[in-house]
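Participant: Here's the letter readout for the chains.
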Amino acid sequence: MKTIKEISIILGLAFVLAFTVNYFSPTGIAVVGQWDTAQGVVTAKAKNDPVINEIEIATVDQARILYESGDYIFVDARSAEDYEAGHIKGAVSLPVGQFEDKIAGFLGQYPPEISIVTYCSGRTCLDSHQLADNLLEFGYEKVNVFIDGFPGWEAEGHPVE
Amino acid sequence: MYLSTAFRAGRLKGIPLNNSLHNILFSSWIELAARWVLGATFIYASYSKILAPADFAKIIFGYDLFPASAINLAAIILPFVELIAGLALVIGVYPRSATLIINAMLLAFIVSLATNIIRGHEFDCGCFAINPDNPSNFPGTLLIRDLFFLALGILVFLYRKQRRLCISSTLKG
Chain A
1 MKTIKEISII
11 LGLAFVLAFT
21 VNYFSPTGIA
31 VVGQWDTAQG
41 VVTAKAKNDP
51 VINEIEIATV
61 DQARILYESG
71 DYIFVDARSA
81 EDYEAGHIKG
91 AVSLPVGQFE
101 DKIAGFLGQY
111 PPEISIVTYC
121 SGRTCLDSHQ
131 LADNLLEFGY
141 EKVNVFIDGF
151 PGWEAEGHPV
161 E
Chain B
1001 MYLSTAFRAG
1011 RLKGIPLNNS
1021 LHNILFSSWI
1031 ELAARWVLGA
1041 TFIYASYSKI
1051 LAPADFAKII
1061 FGYDLFPASA
1071 INLAAIILPF
1081 VELIAGLALV
1091 IGVYPRSATL
1101 IINAMLLAFI
1111 VSLATNIIRG
1121 HEFDCGCFAI
1131 NPDNPSNFPG
1141 TLLIRDLFFL
1151 ALGILVFLYR
1161 KQRRLCISST
1171 LKG
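The listed protein sequences correspond, in order, to chains A and B.
All residue numbers for the first sequence refer to our numbering, where the first residue is 1 and numbers rise by one.
All residue numbers for the second sequence refer to our numbering, where the first residue is 1001 and numbers rise by one.
Isolated chain A, as found in the complex:
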């Protein structure tokens, strides 16, 4: 009986503290997240969440249409090693982990007027969204996220290199 009381006190304190901190923390998350890959990129819906659903390209076919149009620069958000191992043909590497080091070079090569499609390794990967956020912050206005990323592209047999 005493043990039940003590456990309740410890758990009760943890619960209250957990929800209070989560409510006020700038990195707090929603009570229910988005964990269905069929609905898009999975995310805990944090307050600092980089996911913007409106800029998502939901299917490989749509991405292929943009790719074929030739008006879009595809930008690979994954690490340099992943990019070297295989990427969408013609894509530019801009690893989100090295964004600060590489953005100056990228800005020099690609003016803010261009249309960009970012991608990473699929719907459980937030890097393409994070990269899109960063690019929007740096003045690029036409940025979209191809959420199926390299694995989705490759699986459909579209051009890779």
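These are computed hints drawn from the structure, not numbers from a lab.
Check before you lean on any hint, since a few could be wrong.
As the list claims (entries may be wrong) - Stretch by stretch, here's where chain A covers chain B in the computed footprint (C-beta under 8 Å, at least three residues):
hint: 1; segment: 1045 to 1055
hint: 2; segment: 1070 to 1076
hint: 3; segment: 1090 to 1100
What the hints assert, rightly or not - Simulated pairs of lysine-lysine, DSS-like, Cα-Cα distance not exceeding 30 Å:
hint: 4; chain 1: B; residue 1: Lys1161; chain 2: A; residue 2: Lys2
hint: 5; chain 1: A; residue 1: Lys47; chain 2: A; residue 2: Lys142
hint: 6; chain 1: A; residue 1: Lys5; chain 2: B; residue 2: Lys1161
hint: 7; chain 1: A; residue 1: Lys102; chain 2: A; residue 2: Lys47
For each residue, glycine too, the CB sits at the ideal point set by N, CA and C.
Model the placement of chain B on the given structure of chain A, informed by the hints.
Facilitator: This is chain B only, laid out in the frame that chain A set:
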């Protein structure tokens, strides 16, 4: 008569040996060390999860064992249960009950790890640091480490004498 004496002698020899092993394992200093190691480990483990609950939620999602509606709740609550139970062990408040909670969590971790090892599911343990660049600790090592912590937890739980450096301790609770 002879046999019985030998038997008795053996038993008499056996008892002090068993007692000394028992005394070492359940000495108040060993209990204190086990309790502090366990408590400090859980406090440390809670730290990066509290700072980045979204990353922790994604790791829980990666285990592919829990319903979507429970993932965020677990990511919000679990780190604080680790923190409070860990603190309770270190400062010695309700040590036995805190150990029960920690052992329950360890058991859950062990079952989750083992399930994913057995079905060959690739996942990020997310036990301590949440580091997307270096996700994979070898799951077998993690399992052994968790079993070691569980052994410490069982020792702290079974300890029935007066505990050292405790704010409140229930001897029989």
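Participant: Looking at the structure, which of the earlier hints fail to hold?
Facilitator: Violated hints: none; all satisfied.
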